[in-house]
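Chains as they are written, first to last, in the working numbering: chain A, 1 to 226; chain B, 1 to 411.
In case anyone wonders, no lab produced these hints; they're calculated from the structure.
Predicted model, so just to flag it, every value in this text is computed and none were measured.
Do not take every clue at face value.
Here are some, though not all, of the chain A residues that point toward chain B, as calculated from beta-carbon distances under 10 Å [stated by the list, open to error]: (1) Asp56; (2) Thr59; (3) Gly61; (4) Phe90; (5) Ser92; (6) Ile96; (7) Pro97; (8) Asp128; (9) Asp166.
Taking CB as the label site, the calculated pair distances span [claimed, not checked]: (10) A:Met205 - B:Arg408: 35 to 41 Å; (11) A:Met14 - B:Leu265: 44 to 50 Å; (12) B:Ser2 - A:Arg57: 52 to 58 Å; (13) A:Ala140 - B:Ile342: 42 to 48 Å; (14) A:Arg138 - B:Gly347: 49 to 55 Å; (15) A:Ser175 - B:Phe279: 54 to 60 Å; (16) A:Thr74 - B:Ile342: 43 to 49 Å; (17) A:Arg225 - B:Trp311: 26 to 32 Å; (18) B:Met9 - A:Asn117: 24 to 30 Å; (19) B:Arg408 - A:Ala226: 31 to 37 Å; (20) A:Thr115 - B:Arg408: 28 to 34 Å; (21) B:Glu295 - A:Pro40: 28 to 34 Å; (22) A:Met14 - B:Arg14: 17 to 23 Å.
For each residue, glycine too, the CB sits at the ideal point set by N, CA and C.
One letter stands for each residue in the lines below.
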Amino acid sequence: MICQLIGATKVYPMGDLTVVALRGIDVGVESGEFTAFAGPSGSGKSTALNLIGCLDRPTEGRVMVDGRDVATLTDGALGELRAKRIGFIFQSFNLIPVLTAAENVDLALRLAGVTENRAARVEKSLVDVGLKDLLHRRPAQLSGGQQQRVAIARALVKNPAIIIADEPTANLDSSNGEAILDLMREMNERDGVTFLFSTHDPMVMGRARRVVRLKDGAIVGEERRA
Amino acid sequence: MSLLLSLAMRNLGRNRRRTVLTALTVTLGTALLTLALSMLNGILGATLEKAAGMAGHVRVVDVDYARREQLMPLAENLPDVAAVLAAVQGQPHVLAAYPHIAMGVTGAREDQEIGERFALLHGAPEAYYRDVLHLDQFLASGAMPTADDEALVGRAFAEEIEAKVGDSLIVFGQTQDGSPAPARLKIAALVDLGSTTQNRQIWVAMSKAQWMADLDGGATEVLIQTDDFERAVDVAAGLRDLPALATYDVHAWDERSPYDQIGGLMTAIQSIAASIIVFITGLGVLNTMFMSVLERTAEIGVMRAFGLRRWQTVLLFFFEAFVIAALGGAVGIALGATGATIFGRVGIHLGEGASKMPATIPINETIYPHLTPDILVTGFMLGLAMAVVGGFLPALRASRIQPIDAMRQHR
Ligand SMILES: Nc1ncnc2c1ncn2[C@@H]1O[C@H](COP(=O)(O)OP(=O)(O)OP(=O)(O)O)[C@@H](O)[C@H]1O
Ligand SMILES: [Mg+2]
Numbered sequence: 001m002i003c004q005l006i007g008a009t010k011v012y013p014m015g016d017l018t019v020v021a022l023r024g025i026d027v028g029v030e031s032g033e034f035t036a037f038a039g040p041s042g043s044g045k046s047t048a049l050n051l052i053g054c055l056d057r058p059t060e061g062r063v064m065v066d067g068r069d070v071a072t073l074t075d076g077a078l079g080e081l082r083a084k085r086i087g088f089i090f091q092s093f094n095l096i097p098v099l100t101a102a103e104n105v106d107l108a109l110r111l112a113g114v115t116e117n118r119a120a121r122v123e124k125s126l127v128d129v130g131l132k133d134l135l136h137r138r139p140a141q142l143s144g145g146q147q148q149r150v151a152i153a154r155a156l157v158k159n160p161a162i163i164i165a166d167e168p169t170a171n172l173d174s175s176n177g178e179a180i181l182d183l184m185r186e187m188n189e190r191d192g193v194t195f196l197f198s199t200h201d202p203m204v205m206g207r208a209r210r211v212v213r214l215k216d217g218a219i220v221g222e223e224r225r226a
Numbered sequence: 001m002s003l004l005l006s007l008a009m010r011n012l013g014r015n016r017r018r019t020v021l022t023a024l025t026v027t028l029g030t031a032l033l034t035l036a037l038s039m040l041n042g043i044l045g046a047t048l049e050k051a052a053g054m055a056g057h058v059r060v061v062d063v064d065y066a067r068r069e070q071l072m073p074l075a076e077n078l079p080d081v082a083a084v085l086a087a088v089q090g091q092p093h094v095l096a097a098y099p100h101i102a103m104g105v106t107g108a109r110e111d112q113e114i115g116e117r118f119a120l121l122h123g124a125p126e127a128y129y130r131d132v133l134h135l136d137q138f139l140a141s142g143a144m145p146t147a148d149d150e151a152l153v154g155r156a157f158a159e160e161i162e163a164k165v166g167d168s169l170i171v172f173g174q175t176q177d178g179s180p181a182p183a184r185l186k187i188a189a190l191v192d193l194g195s196t197t198q199n200r201q202i203w204v205a206m207s208k209a210q211w212m213a214d215l216d217g218g219a220t221e222v223l224i225q226t227d228d229f230e231r232a233v234d235v236a237a238g239l240r241d242l243p244a245l246a247t248y249d250v251h252a253w254d255e256r257s258p259y260d261q262i263g264g265l266m267t268a269i270q271s272i273a274a275s276i277i278v279f280i281t282g283l284g285v286l287n288t289m290f291m292s293v294l295e296r297t298a299e300i301g302v303m304r305a306f307g308l309r310r311w312q313t314v315l316l317f318f319f320e321a322f323v324i325a326a327l328g329g330a331v332g333i334a335l336g337a338t339g340a341t342i343f344g345r346v347g348i349h350l351g352e353g354a355s356k357m358p359a360t361i362p363i364n365e366t367i368y369p370h371l372t373p374d375i376l377v378t379g380f381m382l383g384l385a386m387a388v389v390g391g392f393l394p395a396l397r398a399s400r401i402q403p404i405d406a407m408r409q410h411r
């Protein structure tokens, strides 16, 4: 098991009220999975991903990554864990606008503390996502689909244990969205990269090998396919 | 570290207009600072050099005279000036030494009644008037005296008694034992030193003052000019060790009241002026830096998610602020230096206020900024200080951005 939520609850204070985003869910992700969190808006998909991605801490319950309880880690140690073991893909791509595609990918390596062989690794991952001719373009000079490919390369380059993607296709048209999903699936099948993503798009769900359904902060169903 | 630096450099090019505006704020601040410090330095340097000259870089007086010098006690004098002069002449760094007598007098035009018109009367060798006070350069009318009974009269005093060049003047001083000592003087020239207080003085021949004070061969002070008024303390220390001067009070100008206070005072004024400018400019930098931070919340969040540390976030914005300040500051001190040089030639008119300063602090009504390399360095460093002042809070704010903010952005 790479990551696991055990009785994870997340409560957000909202003025005098509180919003319960997750109600004690249990879910785990094994190495090599290609899993989607699905559910209507507000069901807690992002909240769950944020916990597994160590971007946030649960109000109650435990988050395990690499067999370690995240609650025992300092912010610094958590940052290091994230830098080395977890890759992120965001809905709005979130590339650094002043850096080229290659530099964006390289940034992830540098922040992960990788010193060796960086240039070759950067190039390989950009070639893998089909951008070998666009290495030196800045984000503004790339289409949305191309930007999300750079983001995938950026997440892949450090060989993380898991890549977390919150609605990776939500800002793309359907053909670009499908291409991105196909690319992710290809990486998963070819190199065994573990993906965990969220969506409410049936097309995306259709490509997942495991779908965990959330509603009102609770798990209401699960499907596995070949 | 190099990663942060290169990121910072790239970020500067991002919103060029804002970067330029921020840099211009610093440019303005440092230019102002360079000019202000040069001006203060101009006032300080010129004033102190003049004050030091008038006061004597080093002064030899009777010990009791030093104790009560506000009263200018003629009785506590140096009876044998020649011996003192002989002792100091030829000593290291000593350029010249002059006997001097100062006494308060009342005076009037010969054909008028003596009233409540006061002046400070000086007796000293003509060389002192020319080489130290440069009175020959400040003549409003007339010419330097040629005879013992001729006097140079300050313009303000002359106007008060309605006298002009060529008129005769009666002054009442006193002898060293306190008896009244009248003298009749012919006005050889009127002197305009630039301030009313300074223009209420009379300069007569040494022999005339000695005669008035009944101090034949004596003086109240011996004023010594050195080759560097800023090192007078060392010279004074050397002279103090001479056996011939052992019983006298020998001190440098800046060891004596009121000049011993001026250095600290001027430093305080400069610090206050500099702090105000740094603070205001810092606010300008703060404003634009804050905008950058807020705009880049998602991006910082992403980098934090990828492992950027809080302190690295702080550094990132500090580097940006520093580069802006360094560029803006370099241009600023160049502008300020240009301004200071130009005004250094033509001068800046201060107005009548300067005239009301006491005669012991001779401030001119027109000041000439004086630029030194020190000021350029200080200006540049304070430009960087503006970056610290303006960059601190935004950088701190940036360091509060959490990795999760990368996720929240698209809500
Ligand atoms: N920072 C927050 N402060 C307050 N409430 C929050 C916060 N983040 C999420 N919530 C609330 O928690 C609940 C779950 O939100 P979450 O973002 O996990 O849903 P989601 O399934 O990702 O929805 P969507 O499909 O719209 O992205 C929602 O009711 C949401 O309003
Ligand atoms: Mg969401």
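Item to complete: Check each numbered hint against the structure and report the violated ones by number, ascending.
Response: 2, 3, 8, 10, 11, 12, 16, 17, 22
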